[in-house]
Amino acid sequence: MIQKAKIVLHFPKERVDKPIVSRLVKDFGLEVNILKAEVNPNEEGVMVLELSGKKEEYKKSLEYLKKEGLRVQPLSKDISMDRNKCVDCTVCVPCCPTDALERNPQTFEVKFIKEKCIACGICIRVCPYGAMTIEF
Amino acid sequence: MRTIQEINEKIKKGDAVILTAEEVSGLVAKKGLDKAFEEVDVVTTATFGPMCSSGIFFNTGHTKPRIKIGGGSATLNKVPCYAGLAAVDLFLGATAIPDDDPRNQVYPGEFKYGGGHVINDLVAGRDLILEAKAYGTDCYPRKFLRTKININDLNEVMLFNIRNCYQNYNVAVNTSNKIIYTYMGALQPRLGNANYCSAAALSPLLADPLYKTIGIGTRIFLGGGIGYVSWWGTQHNPGVERTAKGLPKTGAGTLALIGDLKKMSPQFLIGTSMLGYGATLSVGVGVPIPILDKDILAYAAVRDEDIVAPIIDYSSDYPNVKFNPLGYVNYAQLKSGVIRINDTEVHTGSLSSIRKAREITEILKKWIQAKKFYLSEPIEKIPSVDSGYKLKLLKERPIEE
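Here the protein sequences line up with chains V and Z, keeping their order.
Numbering-wise, the first sequence is residues 82 to 217 according to my numbering.
Numbering-wise, the second sequence is residues 28 to 428 according to my numbering.
Everything labelled a hint here was simulated from the structure, so no lab data went into it.
Since this is a predicted model, take the numbers as computed values, not measurements.
Certain hints may be false.
With a straight-line cut-off of 27 Å between C-alpha atoms, the simulated BS3-like cross-links for lysine-lysine are [unchecked claim]:
(1) V:Lys166 with Z:Lys289
(2) V:Lys99 with Z:Lys205
(3) V:Lys117 with Z:Lys205
(4) V:Lys166 with V:Lys99
(5) V:Lys166 with Z:Lys105
Cβ-Cβ distance ranges computed for the label pairs, FRET-style [to be verified]:
(6) V:Met82 with Z:Lys175: 29 to 37 Å
(7) V:Lys197 with Z:Thr174: 32 to 40 Å
(8) V:Pro122 with Z:Asp413: 32 to 40 Å
(9) V:Ala86 with Z:Ser292: 40 to 48 Å
Here a beta-carbon is modelled for each residue, glycine too, at the ideal position from N, C-alpha and C.
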């Protein structure tokens with residue numbers, strides 16, 4: 082059975098300099114497509130991956146990632162916007178790498194377009210009002 | 028020409044015409060200044076954005092037996108208050124954070140709960156935990172206090188903004204190769220974004236740029252309730268370079284504001300966390316401009332494209348106090364979502380909420396129409412362009428030991 086899945090990996094900063102992705106290929110025979118990566122020295126890193134491979138190997142790879150101290154999270158429409166908290170300041174808009182946050186040119190309201198979101202989590206960090214959250 | 032007294036009489040009779048700052052520029056463009064002046068009595072302006080120089084003064088009521096917190100220490104939900112006042116008078120500032128907040132030790136710090144958030148909880152009517160320590164005196168023997176407390180328990184609580192309504196502001200960018208976290212938001216490297224913070228044509232001091240009507244004693248909308256301009260604000264700097272229309276090309280005038288927190292709303296006082304920078308409070312302010320003459324109307328009919336702001340590099344120029352703009356852009360360009368800096372297209376974000384500011388101009392308009400809000404005559408003008416009043420840097424002087 083072939084398993085295909087998109088996941089979000091959160092690297093704690095002390096794991097950022099470890100070769101992790103190559104192990105997924107080498108040890109578990111997975112095909113890895115990096116959709117997005119934000120990994121810098123001494124900073125918490127985020128990577129969005131599309132993985133495909135044998136189901137058992139895929140399962141084992143997730144265990145390996147967790148053992149390495151990484152937080153693994155499925156990428157499936159998991160970011161949401163709380164309209165009660167959003168004040169429509171628009172500070173998040175230019176930070177979204179996939180234009181999933183849009184400002185209406187008339188009302189100046191910010192719209193979150195889930196279909197475009199790759200769950201990188203940048204908006205969660207930059208929103209001053211805590212209006213963007215991740216749901217599991 | 029008309030007077031504030033005449034406008035108030037019209038409000039009383041239900042005859043006053045009140046327009047928002049956005050509506051009035053349309054009217055003046057359509058009908059011309061003379062005709063528009065005959066029609067409009069009041070223009071409502073507003074702004075909503077983070078204002079770090081916000082705080083509350085409050086009186087907790089005396090305990091039995093008495094405690095003198097003054098000279099001791101106190102926290103609300105672990106956020107430190109200023110206790111250098113009388114026995115049970117305290118001050119809490121918007122940027123205060125709990126002693127155990129990691130701050131920027133875990134960079135960039137999240138600053139999830141600070142003074143601004145406490146103020147929002149308080150105005151929302153939630154119970155907070157007040158903890159206080161005192162040294163004890165003959166007349167105030169108690170040394171410790173730990174209690175739930177909410178806004179109804181307090182005797183007085185007033186929001187006080189030592190600086191608000193900044194007249195124009197910088198557009199913040201980052202030309203360095205790494206992301207920086209500022210009070211203007213996270214700035215992506217190599218001109219990755221440009222953040223601004225002004226309600227522009229809606230903004231009170233841009234609709235009255237020479238402070239002809241706004242002065243000490245002006246009654247305003249503050250945080251969802253009624254407040255007053257109590258003074259000019261800190262860093263008031265009216266003498267900066269201006270356009271031919273009298274609009275400052277950089278940050279200029281400011282206002283100090285005061286009002287009763289008990290009458291305010293959590294919708295217009297919101298705790299704010301700036302990643303890597305700190306906690307603060309976003310405050311909604313609305314100011315009515317009485318249209319006393321055609322000049323005042325011409326200023327109030329300002330448009331976004333008339334107002335320019337300097338693009339400042341926050342990676343090096345801002346921290347080192349170098350005023351070296353990469354250029355100027357107007358607010359119509361900023362609000363379009365994209366500006367050009369040199370030959371680069373840069374996407375813009377704002378800290379100031381136009382949606383909220385519009386909401387406030389409409390509320391203030393309704394208050395006046397409903398005769399709940401009358402205009403006040405300023406008691407004193409604030410220093411204007413020709414006053415010579417200006418902002419100084421601190422000149423550090425060596426201390427001889």
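Each hint tested on the structure:
1. As the CA atoms of lysine 166 (chain V) and lysine 289 (chain Z) are separated by approximately 22 Å, the hinted pair is consistent with the 27 Å bound.
2. For the hint linking lysine 99 (chain V) to lysine 205 (chain Z), the alpha-carbon distance of about 21 Å falls within 27 Å, and the restraint holds.
3. As the CA atoms of lysine 117 (chain V) and lysine 205 (chain Z) are separated by approximately 18 Å, the hinted pair is consistent with the 27 Å bound.
4. Note on lysine 166 (chain V) and lysine 99 (chain V): the hinted pairing is violated, with a Cα-Cα distance of about 38 Å set against a maximum of 27 Å.
5. With a CA separation close to 23 Å, the supplied pair lysine 166 (chain V) and lysine 105 (chain Z) stays within the 27 Å bound.
6. Methionine 82 (chain V) and lysine 175 (chain Z) have their C-beta atoms about 57 Å apart, which leaves the hinted 29 to 37 Å range violated.
7. Evaluation of the 32 to 40 Å hint for lysine 197 (chain V) and threonine 174 (chain Z) yields a failure: the beta carbon distance comes to about 49 Å.
8. With their beta carbons about 54 Å apart, proline 122 (chain V) and aspartate 413 (chain Z) fall outside the hinted range of 32 to 40 Å.
9. Look at alanine 86 (chain V) against serine 292 (chain Z): about 45 Å separates their beta carbons, and that is inside 40 to 48 Å.
In summary, the numbered hints that this structure violates are 4, 6, 7 and 8.
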